[in-house]
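> Residue strings, one per chain:
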Amino acid sequence: MSLWVDKYRPRTLDELHYHADLSSRLRSLAASGDFPHILFYGPSGAGKKTRIMCTLRELYGPGVEKLRIDQRVFVTPSNRKLDVNVVQSNYHIELTPSDVGIYDRVVIQDILKEIAQTQQVDLNAKQRFKVVIINEADALTRDAQAALRRTMEKYMNNMRLILCANSTSKIIAPIRSRCLLVRVAAPTDDEMTKVLNHVAKKERFSLPSAAAQSILTASEGNLRKALLVFEAMKMQKPDFSGGDIEVAKPDWETYCAKVADSILQEQTAQRLLEVRGKIYELLSHCIPPTVVLKTIAERIVDKVDDALKPQIVHWAAHYELRMRMGAKKIFHIEAFIAKVMM
Amino acid sequence: MPSSTPNKSTTRGTTDSPKKNLSQSQNHGQSQEKKKPAPAPKKEEKPAGRDIRGFFGAGAAKPSSSTPTSASKNGSGKKPITIDDSDDEEVVKDRKPALSKPLSSTTRTSKHFASSATRKPIILDSSDEDVPPPQPAVSSPKILTPTSRSKPSSAAAASSKRKALVDSESEEEEAEIIKPAKKRQSIAGTGARASATTTTTTTNRGGKKPSYAESESDSESLSEEDVKPKSKAKPTSKKKKSPSPMDVDVDSEPEDDFIDDDEDDLPNKAKSKAKPKAASAKKPPPAKKAGSTGKEAKKEEPEDGVVEKKKPSNPNWRAAAAARSAGPKNPGSKEIPEGAPDCLAGLTFVFTGELESLGRDEAQELVKRYSGKVTGAPSGRTSFVVVGENAGASKLAKIKEKKIATMTEDEFFEFIRSRRGDQLDEKQVKAREAEEKKIQQQAAELEKREKEEERDRKRKERALEGTGIAQAPASAQLWTTKYAPQNLKEICGNKAPVERLGQWLKDWWVNYQSGFKKPGKDGMGIYRAVLISGPPGIGKTTSAHLMAKEAGYKPIELNASDARSKKLVENSTNIDNASLDGFFQGSGIQSTTVADVRVDSRSCLIMDEVDGMSAGDRGGVGALNVLIKKTRIPMILICNDRSLQKMKPLQSTTFNMTFRRPGPAEIRSRIMSILFKEKLKIPANVVDELVKGVNSDIRQVLNMLSTFKLSKDQMDFDEGKELVKLNEKNTIMTPFTIIDKLTGPYAFSKNSKETLGDRMELYFHDFSFIPLFMQEHYLKTNPTSLNTLSGPEQNLKHLELVSKAADSISDGDLIDRMIHGSEQQWSLLPVHAVASTVRPASLIYGSMRSTGGPGGWGPSFPQWLGQNSKMGKLQRQLTDIQIRMRLRVSGSRAEIREQYMPMLAAKIVLPLTQRGTDAVEETIEYMDEYFLGKEDWDAFVELGVDTMSDSIISKKIPTATKTAFTKQYNKSDHPIAFHKGDMFAASKKKIADDGPAPDNEEVFEEDEPVPDEPSEKEDDDEEVNNVTKDKLIKAVKPKGAAAKGRAKK
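Here the protein sequences line up with chains A and B, keeping their order.
Each step along the first sequence adds one to the number in the working numbering, with nothing skipped, and position 213 is 213.
Take the position in the second sequence, starting the count at 1, then add 342; the result is the number in the working numbering.
The hints are simulated quantities; they were obtained by calculation from the structure and are not laboratory data.
Ideal placement from N, C-alpha and C gives every residue a C-beta, glycine not left out.
Keep in mind that the hints are not guaranteed to be accurate.
To be verified - From chain B, some residues computed to sit far from chain A (all C-beta separations above 10 Å):
hint	residue
1	Asp703
2	Ala739
3	Gln783
4	Lys800
5	Ile868
6	Lys972
7	Phe1018
8	Ser1127
9	Asp1278
10	Leu1285
To be verified - Stretches of chain B that chain A covers, calculated by requiring three or more beta carbons in the stretch to come under 8 Å of a beta carbon on chain A:
hint	stretch
11	889-896
12	1153-1162
13	1239-1251
Put together the whole structure using the sequences plus the hints.
Structure below.
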């Protein structure tokens, strides 16, 4: 009863449908016995984590798939208790330090030291080292990244790091230079079609190319999204009849569109006040502020005159940067909207 | 009003007027000149009349009427002119050059209205008052008579009619009024000299003057006042209709007539509108008066009143309020006068409407600076009302009724400038003398007492000589102790409560004997204790001690410096061993002590600072309450705030007595006598200011003064202000008031005296909150700087301002990040203050805009905080969901939210809304697959927005489905991805309970594999998987299942 996206997730490097050369390189790396620190980066839905897990399996065998989740408690210097969820197997441990915001440094220091200082005790293990996977590495604070630097070199014997990020731009250079950078590009349309057809075959039906096309456009190179949309579509119209298939937009996207429309409809301070309420709602429901800003800006750009488009994009970028630098995101989104209104 | 000779001013006035005339005559049409070959003398006279008109018009001022009179008469008949007038003239003079000419047509329109009322006096004087000025006499009287007669009749009719038909149609009136106008015109046409016409018209209008003059100089200016605001209100409509006459400053005669018509006709036509009506209504009465005698004129006044009452029927309160909040129109446009010290002594002022250059506060301060008094509403004692634009209707009516003198802002300034310091009438002088005498007397008394004490002290000193105990001499004492009141008379304010307290103490013994059953006259008889509450420094403790002594009790005081916990209160007062009670039975054999003081029947317990019984005094209030219920001596409890939660128990057992802050008047004489005694010279108005500045805290005033005495022996107004400011309690303002202050309508107006530093200071009151408030608020104002714009332009400008403000706030956030981030650049705080608070405020300051929500007025609490914590909460829930799904899903939090959730919602939420109970099974299957529990499902729903939002979804799912879902879910066991800390602890305990378990963790671990997993979907793929999963995915049914598992094993 899983969703297709999970049901047909590849488990070994061999099963991966695309980036075959990458797969083979990973395989040889795993076999070499000199496994480096790796930084996987690429857009969301390109298959980074899937690939990481496949690599681990290649390293350790099926044992890595015996996952368990733990909740670890860390204490910050200011005596604050932090709960961090840790996914681990006997051979690796996976954490998302950015869950705890600015305290991620504590987590990194504590966990890495702990792991680095214990040797592999399982004699059956294929490798002497354990692997630490750090998710959302690009969301790590600079402090946390700095904390990684020395550890990476010092404990090379006992531990390898696999960082997983969307982009390397927010990862400090010292870290980048210590890692093997592996770019997992988004699949091309052909590759995605291949995957979709594979899934369709497993589910025992055939996918019309028109439907495949509309899935591809909706998914924007995100295979996860593509598969989810695919399944949703299948649920809506089991036979994929009618060439023109409306892809259901997620709730937050329609909401962002509404916000953009109301901005275009009227430009007053009062309206800005109303828009603020809606943005608050989006943000508080865990839609990342960047996504909100981007979606709104795109929608506005779609609708305004050509002359205004570059300006809007420019300001969107301007405020997006400020948003990343600042702490209170909505201030910047609001400033952007005020600018657009003006 | 004290009278003075207006000579100086008169002469000035006359000299001025010719000049003006010249220019005027040049200005307007020569046609008139042609028409009427007016003789030279006449001409001269005419100009004077015109001049006056222009005058009134220009200033939109009433009082100018006096100028003409005086000018024409040269002090002959018009003795009754008052100081006021003279002052007014001067003011007018001043104004003339500056204002009259440059003024736009609008002002002129208003002038016209004003002039209708004001102009006449001159001619009237000449005709009625037997003292015709030489030149005008020739021409004016002739024509005057006919016109004035004809007009009066009709006008009178009109006015009377109006009276009758207060609400009725305007048409009739219109007709009637038109008639007289026509007549006049015809007169003009028939060849009566144009000048004559003017004079007539003026006479008609001026008719008002004599009557007023006769009735009272006050009323004259009054009525004029009334006219003015109205006329100002609707200048626009007027302007349109009769532009030409208005533009010409002082109109030639024919035009003048025309204007008259206009004035009569237009307003009437427009009668349906509230304001024009009033203006027109105003007109007739003066006309009538012209013909009538003074008596009639007096009768007229009530009519005026009636007419006026009509006017305020539809006042535009909102607009008025908005205008008021918008502050003075031309802040700082006029020089603030410097007058002789005390020049306003004994005078009482009322301000109404908006002054042109002064804010209300500034104006009031100005009056106080010169020892004047300011009251809120006009009353019989008010000496002057300073009337600004858009004055309140009710105030105007009151002024009229009470015949209070009015003045404009300019007149007010001039008044200050010209008035000598010691102009007091006899009564005031006497009052002052009496006061001084009293002060001296009191001071003498103080001195006497001090001497006595000194003697006493010396005696004691002598007695104590050698013991080493020294007593401080009186001079070394604090003023507050030195001058503490010694008897009831000396207590400032709160006389009534203090007296009641005394009475209660006197009756206490009687009440005690009757078992506190008889309430007595004031209901205090049933209480064993009194709770006095009130702000600090107003003499609560002093009064309590004093009254206790006066009633013959011996006060025992316990205050915050004594520990008063439950235990101590009980022990020290012997509640438990009942010795307090027992004392009386034992007739003094076993005495009781409180705080080591012997208690006898004449003791009185004063518990000071009861609300200070806090942390250290746990249970103190409760114990105190018990004590109160049993006490056999009177108890006086004192606190600052009796509404506190911890004071609740005392509410029912004590009589509540509230002390209020005494007013400056109540304190003044006491302070003055102390000052006299201390040889410190401070004028009364400064003392008042001090008292006001510290909120009537007598103690603080005395402390301030005693410190001040160390450096100086005199204090003037400014020093006083400074002292107050220095001693200002460093109160932390609430963010709400700060935002109000920062973005108020004139927070950044040109005459605002606050510096950047002052504003930043506001930010520092609470630098973590204020920026949030600012961000919340900046969209909710109507920026003052946009007041002059309207329509789309205003909107555009507004957006521009808002955008700038938003940018600034955004800058502020970046700075904030540097401060609170890893860099900890706290030195940037001032920059943050400017960027996040002051600059946005400077852009968008203005009156608040109602945002339509509940409680739309006033700054609201920043949403950001609430939203942020909501975000935090949902974020946590999302993390929970993500980590549970992690075993199946690779996505991060954001990916889960953005991509999985909409899809998953279609599987586990929407089916419930569409198919109801049928979908429950399926939903639960999916949830198990992703290791989601029921709470996760709730969180899942909560995370939705738009059509998936919490409220919409939960409405769509029928209750039956929900219960079925919950039931079904609870019925079966579910795989759980992992145990959270708390869950783990719980199950651990359970296991421990079940039996001896040497190592809980181990036991627990081993339990896992036993129960058959309901969710073994994976194993169809691979063997290995199966094995591993058994061990590591804890598919545990928390309680029963775990136990079962163990049992099996």
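> Against each hint, give a clear statement of whether it holds in the structure.
So, going through the hints one by one against the coordinates:
1. Asp703: For Asp703 of chain B, whose nearest Cβ neighbour in chain A is about 29 Å away, the distance exceeds 10 Å, so it holds.
2. Ala739: At roughly 38 Å from the nearest Cβ of chain A, Ala739 of chain B sits farther out than 10 Å, so the non-interface label holds.
3. Gln783: Given that every Cβ of chain A is farther than 10 Å from that of Gln783 of chain B, nearest at about 64 Å, it holds.
4. Lys800: holds (64 Å)
5. Ile868: Nearest chain A Cβ is 54 Å from Ile868 of chain B, so the label holds.
6. Lys972: The assertion about Lys972 of chain B holds, with a minimum of 48 Å to chain A.
7. Phe1018: Non-interface label on Phe1018 of chain B holds, nearest chain A Cβ at 59 Å vs cutoff 10 Å.
8. Ser1127: holds (14 Å)
9. Asp1278: At about 14 Å from chain A, Asp1278 of chain B clears the 10 Å cut-off, so the statement holds.
10. Leu1285: violated (5 Å)
11. 889-896: violated (count 0)
12. 1153-1162: With 6 residues close enough to chain A, the hint holds.
13. 1239-1251: Result for this restraint: holds, n = 11.
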